[in-house]
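Using the sequences plus the hints, can you model the full thing?
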Amino acid sequence: GENVEQHPSTLSVQEGDSAVIKCTYSDSASNYFPWYKQELGKGPQLIIDIRSNVGEKKDQRIAVTLNKTAKHFSLHITETQPEDSAVYFCAANQAGTALIFGKGTTLSVSS
Amino acid sequence: GAVVSQHPSRVICKSGTSVKIECRSLDFQATTMFWYRQFPKQSLMLMATSNEGSKATYEQGVEKDKFLINHASLTLSTLTVTSAHPEDSSFYICSASRQNEQYFGPGTRLTVT
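Protein chains in written order, with this note's numbering: chain S, 83 to 193; chain B, -14 to 98.
Only true hints are included.
Derived coverage of chain S by chain B (criterion: at least 3 residues anywhere in the stretch with Cβ under 8 angstroms from a Cβ of chain B; other residues may be distant): (1) 117 to 127; (2) 184 to 193.
Sample of chain B residues facing chain S (criterion: CB under 7 angstroms; computed from the structure): (3) F19; (4) S28; (5) L29; (6) T34; (7) I78; (8) N85; (9) F89; (10) G90; (11) P91; (12) G92.
DEER-style ranges, computed between Cβ atoms: (13) B/E48 with S/K140: 42 to 48 angstroms; (14) B/T65 with S/K124: 22 to 28 angstroms; (15) B/A(-13) with S/K140: 17 to 23 angstroms; (16) B/S39 with S/D109: 20 to 26 angstroms; (17) S/S190 with B/D50: 38 to 44 angstroms; (18) S/P164 with B/L53: 39 to 45 angstroms; (19) B/S0 with S/G98: 47 to 53 angstroms.
Read the hints as simulated data drawn from the structure, not as lab findings. Heads up, the beta-carbon is just placed ideally off N, CA and C, and yes, glycines get one too.
The structure is reproduced here in structure tokens:
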């Protein structure tokens, strides 16, 4: 089955800096790679996703890149703000199957 | 669109009792819903896949007789924790699938005393 590794487990940045979180996956058949933001006591919120037919996707300050050959994908947050502080999870799956999550990254943005 | 609700948001029960958690897709139909469990400071662990009109598929190590899942309609799946024990205390989260995107509910905090 699929296995997703996520690094780093914690990340501290200053407001305005960029943050990068990286994930690798094991199943070459996976074709959908979402990123979720989870705040304390709440369910995960989808923030961006990418499918295997594209290499990069951007939405304002957030971008995701995918390297299918190397089986890794990354989340990039630019111009970080204190409200970006949360736990971020990457995930991977094939259509119709359950998402398999990475272990999460706790991002702290200090002002 | 793509809103998923869960009820209740918090529940405290005594050891040995059963608790039912509801997961609803409010503005779309979901033939497949998923149930996850999350312990403090850990990731989401898949418990089972719930398909409308058929039996749920449980992950290895998840007791199907303890965690009863019913997916009676395209907008509702329920998880019943039977004979709850303190070690079942956790954050239970459901998700509903729409066009291969998964939308998560707000979660249910279960505390078993």
